[in-house]
Amino acid sequence: MNFEFTEEQLMIRKAAKDYAERELIQDVLERDAKAEYPTRHVKNLAELGFMGMLVDHKYDGGGMDAVSYVLAMEEISKIDSSLGVIISVNNSLVCYGIEKYGTEEQKEKYLKPLARGEKIGAFLLSEPEAGSDATSQKTTAKDKGDHYIINGVKNWITSANTASTYVVAAQTYPEKRHHGINVFIVDRNSQGISLGPHEDKMGMRSSDTHSVMFTDVKVPKENRIGDDGFGFTFAMKTLEAGRIGIAAQAVGIAAGALDRAIQYSKERKAFGKVLAKHQAIAFKISDMAVKVENARNLCLKAAWLKDQGKPFGLASAMAKQYAADIAMEVTTEAVQIFGGYGYVKEYHVERLMREAKLTQIYEGTSEIQKIVISRALLKD
Amino acid sequence: MKILVCISNVPDTTTKIRFKDDNTAFDTTGVQWIINPWDELALTRAIELKETSGEAIEKITVVSVGPKTAEPTIRKALAIGADDAIRIDAEPKDAYFVAAQLAVVAKDYDIVLNGIEACDYNGSAVGGMLSEFLEYPSVSAVSKLEIENGEIKVSREIDGGTEVLTTQLPFVAIVQKGIAKEPRIPSMRGIMMARKKPLNIVEAVEAEVLTEFESFELPPAKAACKMVDAENVKELVDLLHNEAKVI
Ligand SMILES: Cc1cc2nc3c(=O)[nH]c(=O)nc-3n(C[C@H](O)[C@H](O)[C@H](O)COP(=O)(O)OP(=O)(O)OC[C@H]3O[C@@H](n4cnc5c(N)ncnc54)[C@H](O)[C@@H]3O)c2cc1C
Ligand SMILES: Cc1cc2nc3c(=O)[nH]c(=O)nc-3n(C[C@H](O)[C@H](O)[C@H](O)COP(=O)(O)OP(=O)(O)OC[C@H]3O[C@@H](n4cnc5c(N)ncnc54)[C@H](O)[C@@H]3O)c2cc1C
Numbered sequence: 005m006n007f008e009f010t011e012e013q014l015m016i017r018k019a020a021k022d023y024a025e026r027e028l029i030q031d032v033l034e035r036d037a038k039a040e041y042p043t044r045h046v047k048n049l050a051e052l053g054f055m056g057m058l059v060d061h062k063y064d065g066g067g068m069d070a071v072s073y074v075l076a077m078e079e080i081s082k083i084d085s086s087l088g089v090i091i092s093v094n095n096s097l098v099c100y101g102i103e104k105y106g107t108e109e110q111k112e113k114y115l116k117p118l119a120r121g122e123k124i125g126a127f128l129l130s131e132p133e134a135g136s137d138a139t140s141q142k143t144t145a146k147d148k149g150d151h152y153i154i155n156g157v158k159n160w161i162t163s164a165n166t167a168s169t170y171v172v173a174a175q176t177y178p179e180k181r182h183h184g185i186n187v188f189i190v191d192r193n194s195q196g197i198s199l200g201p202h203e204d205k206m207g208m209r210s211s212d213t214h215s216v217m218f219t220d221v222k223v224p225k226e227n228r229i230g231d232d233g234f235g236f237t238f239a240m241k242t243l244e245a246g247r248i249g250i251a252a253q254a255v256g257i258a259a260g261a262l263d264r265a266i267q268y269s270k271e272r273k274a275f276g277k278v279l280a281k282h283q284a285i286a287f288k289i290s291d292m293a294v295k296v297e298n299a300r301n302l303c304l305k306a307a308w309l310k311d312q313g314k315p316f317g318l319a320s321a322m323a324k325q326y327a328a329d330i331a332m333e334v335t336t337e338a339v340q341i342f343g344g345y346g347y348v349k350e351y352h353v354e355r356l357m358r359e360a361k362l363t364q365i366y367e368g369t370s371e372i373q374k375i376v377i378s379r380a381l382l383k384d
Numbered sequence: 015m016k017i018l019v020c021i022s023n024v025p026d027t028t029t030k031i032r033f034k035d036d037n038t039a040f041d042t043t044g045v046q047w048i049i050n051p052w053d054e055l056a057l058t059r060a061i062e063l064k065e066t067s068g069e070a071i072e073k074i075t076v077v078s079v080g081p082k083t084a085e086p087t088i089r090k091a092l093a094i095g096a097d098d099a100i101r102i103d104a105e106p107k108d109a110y111f112v113a114a115q116l117a118v119v120a121k122d123y124d125i126v127l128n129g130i131e132a133c134d135y136n137g138s139a140v141g142g143m144l145s146e147f148l149e150y151p152s153v154s155a156v157s158k159l160e161i162e163n164g165e166i167k168v169s170r171e172i173d174g175g176t177e178v179l180t181t182q183l184p185f186v187a188i189v190q191k192g193i194a195k196e197p198r199i200p201s202m203r204g205i206m207m208a209r210k211k212p213l214n215i216v217e218a219v220e221a222e223v224l225t226e227f228e229s230f231e232l233p234p235a236k237a238a239c240k241m242v243d244a245e246n247v248k249e250l251v252d253l254l255h256n257e258a259k260v261i
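If you're matching them up, the sequences are chains A and B in order. Residue numbers are given in my numbering: position 65 of the first sequence equals residue 69, and the series is strictly consecutive. Residue numbers are given in my numbering: position 197 of the second sequence equals residue 211, and the series is strictly consecutive.
Any given hint could turn out to be false.
Unchecked claim - Here are some chain B residues pointing at chain A (derived, C-beta under 7 Å): (1) Ala-93; (2) Pro-200; (3) Met-202.
As the list claims (entries may be wrong) - Straight-line Cα separation of at most 30 Å, BS3-like style, residue types lysine-lysine; simulated pairs: (4) B:Lys-240 - A:Lys-270; (5) B:Lys-211 - A:Lys-116; (6) A:Lys-288 - B:Lys-30; (7) A:Lys-18 - B:Lys-16; (8) B:Lys-195 - A:Lys-18; (9) A:Lys-383 - A:Lys-241; (10) A:Lys-270 - B:Lys-30; (11) A:Lys-18 - B:Lys-191; (12) A:Lys-123 - A:Lys-225; (13) A:Lys-273 - B:Lys-30.
Claimed, not checked - One-sided excerpt, in silico: chain A residues whose CB lies under 7 Å from chain B: (14) Glu-11; (15) Glu-12; (16) Asp-22; (17) Leu-52.
Hints were generated in silico from the structure; no laboratory data involved. Idealized CB from N, CA, C, for every residue including glycine.
All chains, full assembly: derive it from the sequences and hints.
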């Protein structure tokens with residue numbers, strides 16, 4: 005057992021922290037208000053290597069371990085979790101999926117530019133009527149010999165507008181239910197793809213979210229990932245990894261709220277003493293800190309298992325569910341500690357509370373995580 | 015052209031300072047170490063020059079006088095973008111001792127960069143002493159360093175204005191605010207390369223230690239803020255005169 009980070013892990017955490025505290029903080033409120041995409045930051049973070057940090061050097065990635073990734077994701081999300089989700093979808097859903105299950109040709113053509121951060125990826129699984137139940141895909145992919153034709157609608161797609169590379173799930177054999185699902189790498193500029201309007205979200209407003217319509221979109225056969233019918237397994241496996249990123253994002257949101265609450269409670273006076281000297285507030289801080297530390301440790305455990313090449317699905321579901329739920333609790337308490345000031349935008353904690361809510365919903369709701377966890381524990 | 019950046023391993027600027035051994039030594043327990051902020055800016059400027067000056071700059075070396083525990087800080091400098099590093103294996107005992115060590119390796123470089131002060135002991139002494147040891151010209155309080163057509167142009171802040179100088183090589187620049195905008199953040203690639211770059215360990219040379227700490231004292235705690243009623247100008251003047259003794 006060893007709780008020490010390596011020198012490299014510490015350097016990565018510091019690099020993420022420095023960027024967040026120096027750059028992201030400057031326009032985070034404005035981008036939230038205007039729901040403006042962080043083009044400049046995505047470019048800078050790509051240059052620093054964050055967009056493809058988990059991808060092997062061989063494919064132009066950063067070659068970092070999952071522990072480093074968790075540390076970076078926490079620091080970035082403390083300040084701005086919109087950047088957190090953009091980095092997370094690119095790294096741990098799109099790049100991870102292609103790197104683990106793609107062919108050498110697919111990696112050469114699609115993974116490398118994604119890992120370098122020159123291109124952005126999106127992961128298109130959810131549909132208007134297939135959210136938690138991803139098995140009931142309505143989007144179809146008809147096999148036409150040397151290509152497929154895709155028709156249907158995908159919903160809630162992060163980076164849909166900025167991405168050039170889509171990883172899309174669709175049903176090829178409806179009678180086989182989820183065993184009939186395939187996943188394809190689709191060029192965003194393909195004919196027949198159109199976007200719904202930008203979703204006006206409660207939080208993470210600086211990330212771009214759209215529905216995506218496919219009308220007779222032609223996709224070459226070599227763009228299918230894995231064997232015929234591998235799509236559902238692909239989606240579940242990549243989400244297992246993706247959840248580590250979202251869990252770390254939730255830890256960051258909670259830790260950011262905790263840091264702000266600690267600072268504020270040492271400055272704000274009520275009844276002749278600072279808030280921190282009121283035990284009711286001090287105990288809130290204590291409860292929040294224990295939750296954040298627990299969530300962080302769950303996250304690091306899942307990341308460590310992944311780095312060791314051990315099964316991490318159960319650990320990542322636990323980390324995601326717990327971190328998301330406590331992020332909601334901790335940010336709500338932070339707003340409470342700030343009182344009226346917490347309810348206005350200037351002090352950030354109301355934004356963190358809005359952002360925390362999303363971590364309980366995407367990449368598998370908290371309820372779905374509990375299904376994953378309990379099934380793993382209760383199976384014979 | 016070769017650039018040497020002298021880096022000092024200092025406590026993080028948010029460290030709570032405590033003393034031990036009857037207030038004669040700094041208590042380093044729990045301290046996080048960083049590259050002295052001026053030195054980090056000097057390194058950033060060196061890298062910018064290398065990136066923009068074509069072939070003019072062959073390499074950037076960082077050097078630090080310190081024990082093995084200073085190596086993470088040195089590797090951070092390699093991650094930021096220095097090409098190689100030298101650690102002179104000795105406790106940095108005083109400015110004269112440090113400058114004497116640096117002089118041995120600095121001889122091989124055309125531009126030697128020092129920070130205006132190290133934020134641990136704030137001596138502002140090493141750079142000047144080093145240029146004396148080397149018998150190189152030195153410019154202090156440098157806020158801009160440029161290479162134009164192979165010629166070095168430095169600017170320094172003086173009372174009420176800026177002085178622009180050219181200088182021959184080799185020379186020592188003692189840099190301050192303005193030399194670079196922000197310290198560069200290391201990239202993933204840089205971080206992964208850091209251990210692969212050479213970090214040469216050099217024996218210290220004999221040098222005298224000329225100073226010794228008698229004792230340290232913390233500054234007095236900040237007094238509480240006193241509020242004076244806006245109507246009561248007389249009381250304010252009185253307090254400023256008799257208590258704060260500023261007027
Ligand atoms: C901002 C945003 C970004 C997103 N980005 C992406 C993306 O990039 N790619 C992508 O594919 N998807 C994305 N999603 C979709 C997201 O993953 C889904 O919203 C999520 O999986 C939930 O699906 P749903 O919205 O259809 O809710 P539903 O599945 O309709 O769920 C509604 C409620 O019922 C509960 N519920 C459902 N089934 C059960 C059950 N069996 N037992 C108990 N409770 C249950 C849920 O937990 C939830 O509380 C994003 C969503 C949002 C909001
Ligand atoms: C563990 C430790 C023990 C010490 N013990 C003593 C002691 O017993 N007695 C005593 O008088 N002082 C002691 N010192 C302080 C030491 O003398 C100073 O680090 C040294 O004198 C430099 O002076 P300064 O910090 O004032 O540097 P400044 O002159 O303010 O530094 C200016 C610039 O010089 C360069 N520089 C400074 N130090 C180094 C270095 N070590 N390597 C490379 N470049 C450098 C940097 O570019 C820096 O920006 C100790 C320091 C440490 C870290």
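So which of the earlier hints does this model not fit?
none
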